[in-house]
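Trainee: As a plain string of letters, each chain reads:
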Amino acid sequence: MLIFEHSRPGRRNYSQSPATAASTAKIPQNLLRKSPVLLPEVSEMDTVRHYTRLSQKNFSIDTEFYPLGSCTMKYNPRACNSLAMLPQFLSRHPLAPEDTGQGFLACMYELQETLKAVTGMAGVSLTPMAGAQGELIGVMMIRAYHEARGDFTRTEIIVPDAAHGTNPATAVMCGFKVVEIATDKEGNVDLAALKAAVGPQTAGLMLTNPSTLGVFEKNVAEMSRVVHQAGGLLYYDGANLNAVLGKVKPGDMGFDVIHINLHKTFSTPHGGGGPGSAPVGVAERLLPFMPIPIVAKEGDTYHWITEKEKPQSIGRLSAHMGNAGVLLRAYIYIRLLGMHGMHRISEFATLNANYLMAELSKAGFEIAYPTRRASHEFIVTLKDIKDKTGVTAMNLAKRLLDKGYHAPTTYFPMLVPECLLIEPAETESKETLDAFVKSMKEILQEIELQPDLVKGAPHTMPVRKLDDVKAARELDLTWKPSA
Amino acid sequence: MPFIPHTEEDIAEMLASIGAKTIEELFDEIPKELVSGELTGVPPGLSEMEISRLMMERATTDGFYQNFIGAGAYEHHIPAAVWQITTRGEFYSSYTPYQAEASQGTLQLLYEYQTMMASLTGMDVSNASMYDGATALAEAALMAVRSHKSSRRILIPKTVHPVYRQVVRAIVSNQKIEVVELPFNSQSGQVDPGSLAEFANEEFAALVIPQPNFFGVLEQVDALTDWAHSKNSFAIGVVNPTALALLTPPGEWGSKGADIAVGEGQSLGIPLSSGGPYFGFMACKNDLVRQMPGRIIGRTTDLDNKPGFVLTLQAREQHIRRSKATSNICTNQGLMVTAATIFMSLLGPEGLRRVAAQSHANTLELVEQLETINGVKRAFSGPVFHEAALTLSAPVAEVLSKLKQKGILGGLDLQGHYPELGNALLVCATETKTTNDLQNYAEALKHALG
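Protein chains in written order, with this note's numbering: chain S, 1 to 483; chain B, 1001 to 1450.
No lab work stands behind these hints: they were computed from the structure.
None of the values given here were measured: they were computed from a predicted structure.
Nothing false has been slipped in among the hints.
Restricting the straight-line Cα-Cα distance to at most 25 angstroms, the calculated cross-link-like pairs of lysine-lysine (PhoX-like) are: (1) B:K1158 with S:K310; (2) S:K470 with B:K1324; (3) S:K218 with B:K1032; (4) S:K430 with B:K1021; (5) S:K177 with B:K1324; (6) S:K480 with B:K1285; (7) B:K1176 with S:K310; (8) B:K1256 with S:K480; (9) S:K470 with B:K1285.
Let the hints inform the model, and build the full structure from the sequences given.
Mentor: Written out as structure tokens, the structure reads:
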């Protein structure tokens, strides 16, 4: 039932809005609204019940194991939420003077400094509001760098075929042409193809390392040399930073610009699809082009660096300073973990992934890159199973929902057929991983004995398999009272 | 080990299963020369008690003020239920609803949100939100250029939020789209529809129309929308969602209605929190839906013909279309929209209308009181919603500094963005201010100028 279907004309929550209806006589008649607003008229209790019930129709980290590859679904500590929601932080207006926000700014400054330290970059700006915006800002800086040198011939961005879809989409949004390069059998970028692709037209290369195939790009130093020699810059997509935090720094790998998904590595909540936050880090030569604002410290006081101090900045990419509340949560998380905790993130994420890979392999699942170490994630391919039984990766994913597990990422990366990208994250216990393996084994048996049970999954969710084609063909995007 | 459950025994068993001696060995594919060793520059970990104390100290340093700043972020009462429900783990810690059957809660909520926003804006459809108001406007400009096909120019009045204009320019210039700025009438603080005559022979993909504008002034939206359509340009409304409870929605502007409506959703239950996270909203006419960026939720049926909700029109999006996507965006501001949807449900149509009307009335009352002070004048003659520009007889920065000493954040100094206005101050009094608060402000200002 929709909230609108609970609505009764004239029902109101009297405590939550002004007691009287103030006059609007000073607003010209022709500007006043004549049509009704379709908001529900429901009591507070009905609202609370309705949305509590809706929440219960979700899988979440707080309720289920969520081995969603490439998304780093780790536990979101409660302290990060409650301390970021202290009333003074919540009530602070973004345009309030800097001297009324020194406590907040101190957190932001220390966050910037810590992110610099763990990534090996020379500068960090906290403004990007999501991974894709971090990418956009990063690629804009690459463009600004070339243009500031009077080099207008660099029109191409190179992207491996295994990359996230945001990489090519971002390059195009920045006005670049995308050149895709292939992956070799071992899961590395094809070095020969890269060498053939670079030239005076190359603005840069966007790379995720460890890659979306769940393996470390061994030739990264050589790739960096090739791209730099051609005059291009190296972009690090920080989507998989969780796998190498404290082990290797993007700055040391030769990257000129990076984004860090705080909603992955630094455990800010995914919130059902946002808000994210993706600070960008840059090497020395890109410092002048960083987006504003940035927090600076002089003596004991903090202030925002604006266009006045950074005239070559690519500018502002949000109305204020980015997703401040998300940044606070990441800051609190970092302080709770400290230096040793940072190291442990990648260590236990990698331990969990390699353990799960070993156990699933023993259970009879085919690993896409069996000769490689898993990073914090790995790929299982169901190609053989599909050929023999007709059961697809999507069928298995849906069956996992019935067993009480969120599905792994399916059909990404696209170059591995019938793939499941599995990322357990460091916060899961061995018992959880073992129970997951047990369920995966059960499904393997079901595929053999009752394939239709798997093909028809899910069976225990609030709805059965939904018709996507109908949704796109007969668009129903808003509720209508007559319906 | 914070947030890591492994016992020594677990680690040993897991390594044995993998066939490795140490955890370190699992990183043996990283070339030795790249390994960074122990991190420096990261402080040691704190306990929850220690970090709580630190954060409370910092929050206390920042303190509380009587806030009269608006300028795109507005203080409104947020019912307690909003964030108590929003931060339930099932909303807070779930991912993007790609697995629809396991995400019906978020998906249905977003469908309800889309319905509410489409109605508020008077549009046919809404997406599931954008990063913020400024980027929503930039995306609307890109959407207009994609749909227009012949012009790559956007006309934006200088009465649009100055930072929004900066953000639009930063984003659209990547695609060689030109932003042309339209001056405003210095008496009324509005765009003068007559001033558009100078552009009679120029082509634009879209005209941006703010309502209310950055000065709080109400624009003559009907004439502006009709002008855009007479030139075959799209009309993009940038609107305040609270104001829409009172004002004609963009979908009903002029004879045909605006084509796209965007804005900042913060005033719908999102705390000010130093500027984010907020959410941007975007709604449009049916014929533009395939050019709309961002997530869109549709209602469909399952195998048993039961209604359910899915992400739809994904063929527009980057994870399917890669370099041919309508935008690189792959997220919405899910949790913020969760709060906004609960907020709108709790207020209902009459509650939201009262919040809007009371904010309007409080601002008028404040301005009336301030105008009686020697050296204070209204900057513009145009009608306002819940914000107004004043000119002062003294430099605004000095005045604000004196007000701050009395615990009042007196508004935004317009000097930085509009030096031509002289000593100009933008003030806002929402429904959160009492008569007493307004009198206090007036007394403090009188004192500061005296």
